[in-house]
Structures are given as structure tokens and as C-alpha cells.
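For what it's worth, this note's numbering labels the leading residue of the sequence shown as 1, then goes sequentially.
Keep in mind that the hints were calculated from the coordinates and are not lab data. Every residue gets a Cβ at the ideal spot worked out from N, C-alpha and C, and that includes glycine. One thing to keep in mind: the hints can contain errors.
[As the list claims (entries may be wrong)] Lysine to any residue pairs mimicking SDA-like chemistry, simulated, CA-CA at most 20 Å apart:
#1 K257 / N222
#2 K260 / H220
#3 K257 / S218
#4 K260 / A225
#5 K260 / A208
#6 K257 / R221
#7 K257 / N199
[Unchecked claim] Simulated restraints, written as ranges between beta carbons of each label pair:
#8 G227 / Q272: 31 to 41 Å
#9 G149 / R229: 15 to 25 Å
#10 G147 / D240: 17 to 27 Å
#11 G197 / R245: 28 to 38 Å
#12 G149 / A225: 29 to 39 Å
#13 G147 / A225: 25 to 35 Å
#14 G135 / S248: 12 to 22 Å
#15 R217 / E249: 15 to 25 Å
#16 Q224 / S248: 34 to 44 Å
#17 T276 / I254: 14 to 24 Å
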Amino acid sequence: MSGQASGLNAQTELLTFNGSDTSDVTLFLQNVKRVAFVQGRQRDDAWLVDYTEISLTGEALRWFHRLDGEAIGSWKALCGAFLLRFGSTAQAPAPAAAPVPRLTVQQLPRVISPNEIPHEPSRTVAKIVVVGDPGVGKSSVLARFLGHGWNPNILPTVGIMYETRGEKRGANYFTVHMWDCSGAQQYQDFRSVYHPGTNRLWIVYDIANRASFENVRSWHRNAQAAGSRATVILIANKRDLFDRRVVSEEEGQILAKELKGHYKDVSALTNQGCETLRGDGSELPKFE
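With these hints in hand, go ahead and build the complete structure from the sequences.
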């Protein structure tokens, strides 16, 4: 089944379809993106994922919590953004297949049996923002945190790259939103958008690049000026380049202490030390 969004009220109605069908999810995503593009929104819908749950209540919110997986996570983010941004005036292009009727919150139990709907879960939502000079390996470090392998062909971030990950442990649900921010000067005006509400500020530098270390304080000041009060994780990347090291571990530890943060010495290339990015006694979940 596929979905068509028309005249949706975010508080009382919910569009639903077979969430296990990846092609269905992809089709609906295409429709939502098309509407966003026509409205001139393009990719600035990502930040709205933090507010998706506000638009759903009762049984609809519990249904929302049941959706898992990367494809479903993307659908959740864009569907939530779609409902909130366009409300009852949105008209998504109709897909080729027959649309599924809109379902009110009261009708949801007919689709999902009561024993499938869990009690309201506790949910931890955390936000990581990654900053640093161009070329220090921000995207590669973040990829390691997410459990991905080394990609020698990874491209420099243009603007802001956004990713969300979630997992369930017992009755607890975790959602982590990760913002990988370009180090290029022309994108610094975006900092007022991505810093507020951050739990962890990762500042990455290259141990073989003295200038990238010297600029750490500037990245921290910029974050604070934009409203960030996040705990700093100072990440010294490229420890595999030990023979070219120009910034000692001691210097990094001293600076981390100055910033009232934590120091991590890692290599995104070899994955050495990257496991220490999970934990810290923080509220962030550990991804396996």
C-alpha cells in the first residue's frame, strides 16, 4: 500500500501504510521531498524531527514509537516534518498506487491490535554536533561512532549532514540526532541553527595539523555564541600518523580540561580509540 497526504490534521489524523515495505517508504519520501522542494524548503526540514512527537498524541504517539529501522527512521523524520510544516494545507502528489485512507487516532486500534501497542516508553533524545577545521576527519570519526567501516573515498561535507539513529533496550527507547557540520568558512552562518539543544559538542582536530588544534578554542567560542551549553568532547584524530604528530596528548588533555570537557585520542582510519566515544558515563546510547 502507498500513501497520499491531503488535508491532514497533525493532532487528530495519521497517514499510515505498510511500514515494512521499503519501496512504499521510498515512494512516500519522494512525495514529501517533492512538496518540500516546491515550497522552497529543500533540506531544512531535518531539525523538525526533534518536534515530531509533539504533533502526535495517545495511540498515534505509541504507533510512532513502534517504528524502527533506518528506512522507517527516515520516514518518521520526514513525515513528522511534513505534518508540522505544511499542516492541513499540504497537497502531496498522488503516487501511482491507490492511496490508503486517512486514519483517525480512534481508528488506529483497528489496524494495530491492542497487544501490539506498548505502554508509553521512556525515551532518551540526545543531540551530537561535530565541528572542526576542514580535513580533520569529522565525517570519518562520526562514521566510526555509527559502526560503519573506513571509507577512503568519503567526500568533504557540504553545509550540514544530518543523521538520526535509534535503538530499543528493554522498555527504553533511545534516539540520537547527529549533525556533521562543514568546516568551510562559508557555512559558519548556519551555526545558530544547529547548536541550540546540543548535548555533546565534538570538536575534532588533526594531531598532524597544528593549526587545526589552535582553532579549537574558536570553534568552542562560536558554539557558545550560538547558544550551545553542551559538554565538549575534544577528539584528537589521526593517531595513526604518530610519526608526524605535532600536537601531544598532554596538550590535548590540558585543553580539554580548560574547556571542561573530555579528551579522546583516536584514529578513524584504524578505528583505534573510537570505541571510547561511546559511553563517558553520558546519556548517549551505545550502538553495536
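Please write out, lowest number first, the hints stated earlier that are contradicted by the structure. Going through the list in order, the structure violates hints 5, 9 and 16 and respects the others.
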